[in-house]
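Number of protein chains: 4
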Amino acid sequence: MSESQQGMSAAALEAFFRREFPHSTMVVESVGGLGARLRQPVDTAHLRPGGTVSGPTLMALADAALYAAILGEIGQVALAVTTSLNVNFLRKPAADCAVIAECRLLKLGKLLATGEVSLYSEGSDAPVAHAVGTYAIPPRS
Amino acid sequence: MSESQQGMSAAALEAFFRREFPHSTMVVESVGGLGARLRQPVDTAHLRPGGTVSGPTLMALADAALYAAILGEIGQVALAVTTSLNVNFLRKPAADCAVIAECRLLKLGKLLATGEVSLYSEGSDAPVAHAVGTYAIPPRS
Amino acid sequence: MSESQQGMSAAALEAFFRREFPHSTMVVESVGGLGARLRQPVDTAHLRPGGTVSGPTLMALADAALYAAILGEIGQVALAVTTSLNVNFLRKPAADCAVIAECRLLKLGKLLATGEVSLYSEGSDAPVAHAVGTYAIPPRS
Amino acid sequence: MSESQQGMSAAALEAFFRREFPHSTMVVESVGGLGARLRQPVDTAHLRPGGTVSGPTLMALADAALYAAILGEIGQVALAVTTSLNVNFLRKPAADCAVIAECRLLKLGKLLATGEVSLYSEGSDAPVAHAVGTYAIPPRS
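Protein chains in written order, with the working numbering: chain C, 236 to 376; chain F, 236 to 376; chain R, 236 to 376; chain G, 236 to 376.
What the hints contain is simulated information worked out from the structure, not anything from laboratory work. Please note that a few of the clues may not be correct.
Just so you know, same-sequence chains aren't split out, so a pair can sit in one copy or run between any two.
Cut-off 20 Å, straight-line C-alpha distance, at most; resulting in silico cross-link-like pairs (DMTMM-like, lysine to aspartate or glutamate) [unchecked claim]:
1) K327 to E357
2) K342 to E357
3) K327 to E255
4) K327 to E337
5) K327 to E264
6) K327 to D360
7) K342 to E308
8) K342 to E249
9) K345 to E357
10) K327 to D278
11) K342 to E255
12) K342 to D360
Assemble the whole structure, with the sequences as input and the hints as a guide.
Here it is as structure tokens:
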């Protein structure tokens with residue numbers, strides 16, 4: 236079995252994110268078991284008027300959590316691409332808290348993987364947003 | 236407090252569905268705690284070519300589960316209307332099993348309520364579909 | 236070139252729908268040019284409380300319009316399946332008008348096809364609903 | 236009629252965006268007639284591995300185009316918030332072209348506004364992504 240068919244660890248995923256997305260400050264807290272948990276520390280670049288975390292910050296975090304959950308299962312597949320992302324914004328995130336994303340895969344197929352992501356302001360139980368997304372996984376040769 | 240501001244029981248909801256949707260054969264198994272569980276027995280009217288449960292059957296069940304979860308909290312509000320429903324079809328449902336819908340509300344606001352629904356062929360743990368939907372709730376006078 | 240690699244005509248599509256979905260009363264008005272137009276006559280089975288066309292009727296019509304637009308390009312592929320459908324309900328449809336669905340394909344790939352569908356009460360310009368959906372197309376041997 | 240009940244011009248919108256989102260480099264090319272056209276010049280901050288425009292860049296642009304189309308009708312309502320955004324990623328955007336977003340409002344209600352957005356690499360006719368989103372509009376006193 237080649238390395239790319241094993242899942243990636245949280246540390247490997249975070250190193251991969253740092254290399255591929257050098258501007259990102261997301262932390263991969265855990266991965267595995269068809270899920271992933273990411274943490275986005277919030278600084279002024281993530282805020283929008285009204286003192287809340289911007290929608291694009293939440294969407295980027297949801298997308299990354301889904302990507303992490305998939306790579307945590309199938310290994311490093313850099314060419315996996317998002318085909319759809321549906322986001323519902325539910326509550327105003329706290330401006331002074333990190334955002335936590337909890338992803339759970341609903342299906343991990345050969346060609347498509349779909350998962351749902353709940354996003355929270357750290358320390359709160361009420362989700363600030365919820366996302367469902369699908370990645371297309373390129374065929375392995 | 237008027238009756239309409241209390242949540243509806245599973246029995247009351249099912250009677251309401253029977254009256255309002257006389258063609259429906261859905262069963263409200265439970266409701267409350269910001270959730271609902273519905274069961275759709277499957278007969279030939281619900282099947283599509285290939286011997287599987289049709290997409291519209293799954294979508295109607297997801298929509299009803301969300302409606303039940305909301306009315307289970309706020310009481311009978313016949314004029315609540317779906318504003319959006321996003322459905323991902325994940326696996327082929329079994330043709331000879333009922334479909335179970337488990338709804339969990341993500342937000343119950345004054346004007347909008349959003350929930351997610353997982354659908355399963357009865358007896359299986361792998362979801363056949365997943366939906367996220369929003370209802371608009373008319374202002375109470 | 237085999238027959239299955241040519242697009243289907245509106246008449247062929249409607250015969251296919253009648254055979255595969257004997258309960259359906261949808262009419263395929265036109266197909267081709269990366270689009271399709273379907274018409275759903277409305278009778279009491281399609282209505283919901285409040286005297287309007289039910290959400291599941293609209294969702295089924297949107298799904299069928301997308302399926303028709305795809306088969307109109309690639310020919311009869313019975314095993315193409317919906318992977319996602321996102322529907323926004325915009326206005327109350329008239330109870331005494333047919334519903335028209337206009338589908339336009341946004342992408343017709345080898346494995347995935349995505350399109351958007353606008354639904355109208357016949358004779359009105361304001362959409363009652365809008366849908367975006369994706370079909371997975373099985374690999375051809 | 237107060238100023239806030241008239242639509243904003245493209246120039247007023249762009250000034251508003253510059254003030255509220257100082258990091259943004261989006262250009263409001265046109266607005267009005269229930270639509271808006273925005274242009275996102277692409278620099279290295281918008282790219283992702285593989286030399287293409289990142290998903291979050293596309294999502295942020297789609298969201299802004301919808302916001303612009305709404306404010307172009309109802310005037311400056313800073314507290315309008317996105318409630319949902321559904322994005323389908325269709326083709327790899329060119330890394331060396333600006334991205335154009337064309338938004339068309341599907342419904343402009345008192346409390347909710349819904350629109351669709353097609354995104355293109357400038358100079359190409361094939362959409363790189365398509366989005367549908369809804370904003371909640373706060374009640375005017």
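To see whether the hints hold, each was checked on the structure:
no.	hint	in the structure
1	K327 to E357	within (13 Å within a copy, 34 Å between copies)
2	K342 to E357	between (27 Å within a copy, 18 Å between copies)
3	K327 to E255	between (30 Å within a copy, 17 Å between copies)
4	K327 to E337	within (18 Å within a copy, 26 Å between copies)
5	K327 to E264	neither (23 Å within a copy, 30 Å between copies)
6	K327 to D360	within (13 Å within a copy, 33 Å between copies)
7	K342 to E308	within (12 Å within a copy, 29 Å between copies)
8	K342 to E249	neither (23 Å within a copy, 31 Å between copies)
9	K345 to E357	neither (34 Å within a copy, 25 Å between copies)
10	K327 to D278	within (16 Å within a copy, 30 Å between copies)
11	K342 to E255	neither (26 Å within a copy, 28 Å between copies)
12	K342 to D360	between (25 Å within a copy, 12 Å between copies)
Violated hints for the displayed structure, listed by number in ascending order: 5, 8, 9 and 11.
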